[in-house]
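Undergrad: Put chain C on the given structure of chain Y with help from the hints.
2 protein chains.
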Amino acid sequence: MTNLSEPSSGDAVRLAVDCMGGDHGPAVTLPACRSFLTAHPEAELILVGRGDALQPAAGWERCRIVEASEVVEMHDPVEVALRRKKDSSMRVAVAQVKPGEDGRAPAQACVSAGNTGALMAVSRYLLKTLDGIDRPAIAAVLPNERGGGTTVLDLGANVDCSAEHLLQFAVMGSALVAAVDGKEKASVGLLNIGEEAIKGSDTIKQAGELLRAAAAAGLLNFHGNVEGNDIFKGTADIVVCDGFVGNVVLKTSEGLAGMLGRFVKQEFTRNPLTKLAALAALPVLKHLQTRVDHRRMNGAALLGLRGLVFKSHGSADAFAFEHALVRAYDAARNGLLERVHRRILDTLAAMPQSADETTNVQALSA
Amino acid sequence: MTNLSEPSSGDAVRLAVDCMGGDHGPAVTLPACRSFLTAHPEAELILVGRGDALQPAAGWERCRIVEASEVVEMHDPVEVALRRKKDSSMRVAVAQVKPGEDGRAPAQACVSAGNTGALMAVSRYLLKTLDGIDRPAIAAVLPNERGGGTTVLDLGANVDCSAEHLLQFAVMGSALVAAVDGKEKASVGLLNIGEEAIKGSDTIKQAGELLRAAAAAGLLNFHGNVEGNDIFKGTADIVVCDGFVGNVVLKTSEGLAGMLGRFVKQEFTRNPLTKLAALAALPVLKHLQTRVDHRRMNGAALLGLRGLVFKSHGSADAFAFEHALVRAYDAARNGLLERVHRRILDTLAAMPQSADETTNVQALSA
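First to last, the protein sequences are chains Y and C. Quick note: the first sequence uses the numbering used here, first residue 717, plus one each step. Quick note: the second sequence uses the numbering used here, first residue 717, plus one each step.
These are calculated hints, taken from the structure and not from any lab test. No false leads were mixed into what you were given.
In silico BS3-like pairs for lysine-lysine, Cα to Cα no more than 25 Å straight-line:
1. Y:K991 to Y:K1002
2. Y:K981 to C:K981
3. C:K1002 to C:K981
4. Y:K915 to C:K844
5. Y:K844 to Y:K814
6. Y:K981 to C:K991
7. C:K981 to C:K991
8. C:K844 to C:K802
9. C:K915 to Y:K801
10. C:K801 to Y:K915
11. C:K981 to Y:K1002
12. Y:K949 to Y:K915
13. Y:K991 to C:K981
14. C:K899 to C:K949
15. C:K949 to Y:K981
16. Y:K901 to Y:K921
17. C:K1002 to Y:K1002
18. Y:K991 to C:K1002
19. C:K814 to C:K844
Below, a sample of chain C positions facing chain Y; criterion: calculated Cβ distance under 7 Å:
20. G916
21. S917
22. E943
23. V964
24. E970
25. E983
26. T990
27. V1000
28. L1004
Note that this is a predicted model, so its numbers are computed, not measured. Ideal Cβ placement from N, Cα and C applies to all residues, glycine included.
Next comes chain Y alone, as it looks inside the complex:
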């Protein structure tokens, strides 16, 4: 339990922000930070980036600027982010959540809109994984019909996953939903191609067995198998899958939603008559847009590291980026790091056999 930096109760929560990341850089991140600070009087920020670019923030209250001379571009290969740009805003921001010799870090969470692969690689290199975690995962929220969101992981960090990895994702996802949404007994669904336990690949069937055992031991609330449509029904609070499938789910959903949105726009702007109809329908369409606004769901968590890192969508605007800041803030404030660590250790203690029974022995052995 050493080397985990948690703010003691009553302390201000401090976030490190990679202000240069994403498609828009400071033009988006600074207004978002400003608005976030106003809305969160207990929060403090460390703004990381080039001095000239962060000039507008000089003198902001509860704010400190840490200069970094380089920027990881969206198209930079992971190797460049990792080995060449050692003074990048991304890397310096992530370094702010690395505990020092006293076990405390300058910031309790880091937020970046930089490219996902680079952010995961840099975070993993600088922070290392938690005891008991073999592979970190990326968790994001997709909207569901129940009005809330379904947390899905992994979304692309791991292309091949063992049953133990899926169990770890379930445990980490449960900690995330408990910390950010306050749901202590969030239900976990295992993404499969049918509800019956006999469906799916061997890995999925093994994962189902591990999850049932974990639920029986009181470690998590396992709903059972779910299918792709259940993500949007909100059948389970959390849906676990391997990173290949999760990434396909995310991109497919973004693609379909984008297409339908453009179709709606095209249809309502087709001719003067449809434009008139659009005018009449505008309040309804606006309300609909608010309801499915993915910007409110922005802020994916990189889970399983010895520090909290949140990833904003690269194309996020200030509204969306601020939501990522809020998610990171809530997670830090509610001790997500400590929760993940505790739940993983509990799982290890209750299910030591899961490490021996399978091929991936290292997966659950601390």
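TA: Below, chain C alone, put in the same frame as chain Y:
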């Protein structure tokens, strides 16, 4: 090349229809058949089902009734369909496309809205797979922004796939699009989590190599890797993936589209004011609905069998079921069976090494 039943040019194309399958049975299938016959004066139908249920169709022109006493219910396990209900309308309908001793079958394609697992199992058992095909696949069409459709396979027949299986899917999908849409050089995308060739699991990377080699040999038109959103962009005409991923893509898309559709309805019926707006927007919304109407895409092909079998959505209405009949008709008329077989044999002849280089030796060895 023996035992493949193709109508010789000028012959009428005859479809066998499982009239009892799906959520609605004859209430949907018979009106669809009637409408299909009117629109296709060259077509003939074999209607399969219980005599009493098919009474309304007695005396229809270009139509023959074949009685079957049992019905495979939507919730029946595969074993029941396969071993117990031997006189089911599904089984008898599939049997109509099995060639007799003269190499000719009573019908050139079969259509059923019955449950997918049962239909695949029964078809596989009765018809067997084509030479060179290790595993049959299910191919369906999803709408895309270019106004057409993207053919995706496999959609759930195979949970674990080797690189060779993915190559076979690409070859079979190319034959399908050539036969049904008349595109001889349809492009094939390999579903992955990034566009770069180095992305993805080992299987996906191997599949990429096989597909590049097949393209170099002139066997198909390989676009390269695609991501989930490319399905709806229409980046490639055909997208190949394993059955687990494909099933998740399909269910996720259905779930998201369903949620958004219900949201639109809810927003427009929220109060008298929004209902008024709906009235104004009605023509636009109707046009939009037509544009994204998945019923026009109904009719998934079971590929790789020694006979043509098409699967309608279980919940299809008469309009949708008729579209499945049309797809089956077009496929049969344009020699899909022969096309798949020829392309697979060409692939085997041009790439014999693909069978040796990998673990699944049986995959491409006829």
